[in-house]
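Asker: In case you want the letters, here they are:
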Amino acid sequence: MTGTIFGLVGAALIGIGLFGMLVRRDALLRILSFNLLGGGVFLVFGAVARRGAGAGFGGDPVPQAIILTGIVVAFAATTLAVALVLRLAAAKDRA
Amino acid sequence: MSLLADGFTILCVLAGLVFFAAGTAGLLRFPDTASRLHALTKADHLGLGLVVLGLLPQMDSLAGILRLLAIWALVLLASAATGPMIARLLRRQGGAS
Amino acid sequence: MILGLVADGLLAAGILALALACVATRRAFASAALFIAYGLLLALAWARLGASDVALTEASIGAGLSGVLLLGGVRRLAGLAEPSPDAETGPLLTVLIGIGCAAVALAIGAAVLLLPDPAPSLAPQVAANLATTDLGNPVTGVLMSFRALDTLLESAVVLLAVVCVWALAPEGGWGGVAGPRQPIVRDGPLALLARVLPPLGIVIAIHILWVGADAPGGKFQAAAVLAAMWLMPWMAGLAPAPRIDARWLRLVLAAGPALFILIGLGGALAEGAFLAYPPGWAKPLILAIEIVLTASIAVALALLVMGPPEPPR
Amino acid sequence: MAWDMLPMLAVMLPVLAMVAAVPLGARGAERLTLAYAPVGLALAIGIMLVVQLGGVPIRQELGHWAPPLGIAFRADGLAAAMLLTAALIIGAIAIFARADFGTAAGAVERRHAFAFWPLLLGLWAAINLAVVANDLFTLYVALELLTFAAMPLVCLDGSRATLQAALRYLMFALLGSVLYLLGVALIYGSAGTLDIVLLAQRVRGDIPVMIAIAVMTAGLLAKTALLPLHLWLPPAHAGAPAAASAVLSALVVKGSFVLVLRLWFGVMARVPMPDAAQILAGLGAAAILLGSVAALGQARLKLLVAYSTVAQIGYLFLMFPLLAASAGEVAAKAWTGGVVQAVSHAFAKAAMFLAAGIMASRFGHDRIADLSGAGRAMPVTLLTFALAGLSLMGVPPSGGFAAKWLLLSAAIGAGQWWWALVILGGGLLTGGYVYRVLAMGLRAGDPAPEPAPVAWQRDGIALALALVSVVLGFLPLAAFGLVQIGRLDVAP
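Protein chains in written order, with this note's numbering: chain C, 1 to 95; chain Y, 1001 to 1097; chain Z, 2001 to 2313; chain E, 3001 to 3492.
If you're looking for bench data, these hints aren't it; they were derived computationally from the structure.
These numbers were taken from a predicted model, which means no experiment stands behind them.
It cannot be assumed that every hint is accurate.
Claimed, not checked - The calculated label-pair distances, taken between Cβ atoms and stated as ranges, are:
#1 Y:F1008 with Z:I2184: 43 to 49 Å
#2 Z:G2280 with E:R3160: 55 to 61 Å
#3 E:V3039 with Z:L2071: 44 to 50 Å
#4 Z:I2184 with Y:A1022: 36 to 42 Å
Here a beta-carbon is modelled for each residue, glycine too, at the ideal position from N, C-alpha and C.
Generate the whole structure from the sequences, applying the supplied hints.
Answerer: Take a look at the structure:
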């Protein structure tokens, strides 16, 4: 049940994040929306992991490890996007 | 013994929750940032302190007790630092809420 | 049971409300602040989902470091005084996109509900094979043995991200220190935190790394805490950022992924498959990789938050 | 024998080189890349030989953990072809790029010289990983590695326009990968494995899997820049330095394309989706026609070449309905045609971008209207452009011709003649924009520009790449049998 609830929350977050990414024009808000979207995707994965609980584990460890990897990669992507936005703004400032 | 401990835990955690609720209400209802900040930090310190106190008898090892106390101490330290920082920012912005 | 459901429901409502507020507000600062709160609630959701390792990672990286990064970005963008020249999306288009996104969310929700029951799971296989790795934490077992390739590649991705961020350095900045210069804060609360917290934080990070073999924790969470312990004195102007051409810095960055690959290639030579650990050597090798990787990732995460080197004013 | 190590080495050695490049610094990284390039080429040739002679894919289970718990590398014929393509093109680019990104002995390290070499190595590793990985999540990491390596290449010169192009590219790419990851979650939830070979046996067309394939395909199309998700490509590919444009157009978009193939004809090998395939090919046809028309209207040479990429990507998607609707020899022709198109376009487009770059640096601009006199001043460069153009048009004998002819006859064989019309129409339009450039270049114009010290090697490398794209057309058809090896949609 917990798995399903947060799986549905994940689905909703995906919709919200997608909306923000497509509608917002401010680059930082888009990056934030991308992170909301990513959080939703991880939650869907988390729901899958929770449903696979067994063998004495509270969730299937394989998707849990994958989510962990995914969060770090998503953070790296966010830093890249923020650095690019700042650099672009500085370039505009000078122009 | 365990009944006593459980009762203590329930009482303390409930009391802690009351403080949290009061702090949250203050955050939402108080008119200006300074008093909001005040409500938040004071209520949360006491709230968290009571929750930690209540959970202490539930720990079965010294390490667990130390960890709980460390959490409380770290939160105290963090809010002791952030509260004045927000207040300082407020002063710099001319006291606008 | 019922209490659990109520908790889940409240948590779910809180997460959704914060996410909606995050997208609805047009002020970047408020949005970033809401995002941090969202990340912390998400960490609680992970705990509810029985994924303590993910909860720790979400709290430290998803909420903590991302929050610092985004707030810092908002502040510096405001400093550049760049009025957003782009027009807002028109109302009709907004509604259409909204409908489309709702449809996507519904489709994903339906997919979640329609997943097969009983759910397929690799948990039994992990449990059956965990003993060969001498690890007690199944997630660490997956990350360092069964799917070690992903972890290795991910550490390379993080390193590449540092190269990417540095590649965005403006003209004249190359060879300087990473990130913008921070004003020195000699006293006050930030200075206090920056002095008191790092020793504590480093102990906690080592603890998280050490228990990771058998309990929730591990290199990513420990590295995130270590990075934060470096960033805080940096933000207070007490610890200077390193020069990006410092030899030691680049060696530390490369050491973790390089050691991981070399041990993997050693497995190919000795055991006939990349990343195969010789019998009995699994745990010591994994620990060696984890310790060196923690250092590399901690430095990389801190450098990612600091940003590219900038020309001296 | 340890032949099963080869795909692993083809992935891990460039990763190791990329990692080592950071402490080595710009000059050390440059030399390391040039030293590794022949090794990488040898590995690719070795893999091709082993696959070709053995007739089966090369497989290795990493750490001896068999899927579904572990991860396997699997180099089939498609992977072997792409590995060899990547090795040749990246090796050529590395030599070409020395003039732009080289560091003299004792010189101070410069930003773009420091960044270029690890990025190139990372890109190489990512492409190789994307074609030999057999696990859907490992492929996600490959996609991210590819994005991270490609994005800074777009804006290496640091100008505002390229930074803007890079940001747009990054947003498309991140959205694409996160959608892909969503599909990975749903597929794992449905089938309990991420191994493509196992999925090919297990997957039936239930709803979560179909939704997963839909979002993953959408995400990958954004990364492959199939119309209407192509908007990021022209500014990004046209603004980058010539060496970077060449790898971006030749290889990076192919990485995500191979993933689409893995999904449709690997994971979904038992679940044909003919209607969806018609839509995909319809988008491809629109890309061919609209991309070519846009290329015809461009005033700048590099933008023309970039729009040509948009059009040529369209051809790649014509194979989908042909494969979905037919079997046996017709399907084999469609598969080979699609793969040869990917390979020959890679060589032709790399050559074209390098030629365009050489012209731009010689003239100091890339306005097509002011390129008159190029034929006299730089005949080799213009010849390179022409040869590459012939391959893109599909004029016999060239690799492009072989690809388009295979797709054409597969379309007729499958009874879907309308795609044949698209292929022919696209060829004519391609001829139009290539002719525009050649006609201007051959016009005796103003005094030809000063013979700037463009190293002859650079012309030679571009010409060699163009020649490869042409020579592919001389290969006997049997040589293309390689790419059939290990196809999961025909496995018993």
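Asker: State, for the Cβ atoms of V3039 of chain E and L2071 of chain Z, whether the hinted interval 44 to 50 Å holds or is violated.
Answerer: Given a distance of about 45 Å, which is inside 44 to 50 Å, the answer is holds.
Asker: Cβ-Cβ distance between F1008 of chain Y and I2184 of chain Z: within 43 to 49 Å?
Answerer: Taking Cβ atoms as reference, F1008 of chain Y and I2184 of chain Z lie about 48 Å apart, which means the hint holds.
Asker: Does the beta carbon distance between I2184 of chain Z and A1022 of chain Y stay inside 36 to 42 Å, or does it fall outside?
Answerer: holds (39 Å)
Asker: Given a hinted range of 55 to 61 Å, is it respected by the beta-carbon distance of G2280 of chain Z and R3160 of chain E?
Answerer: holds (58 Å)
Violation of the numbered hints given earlier is absent; every hint is satisfied by the structure.
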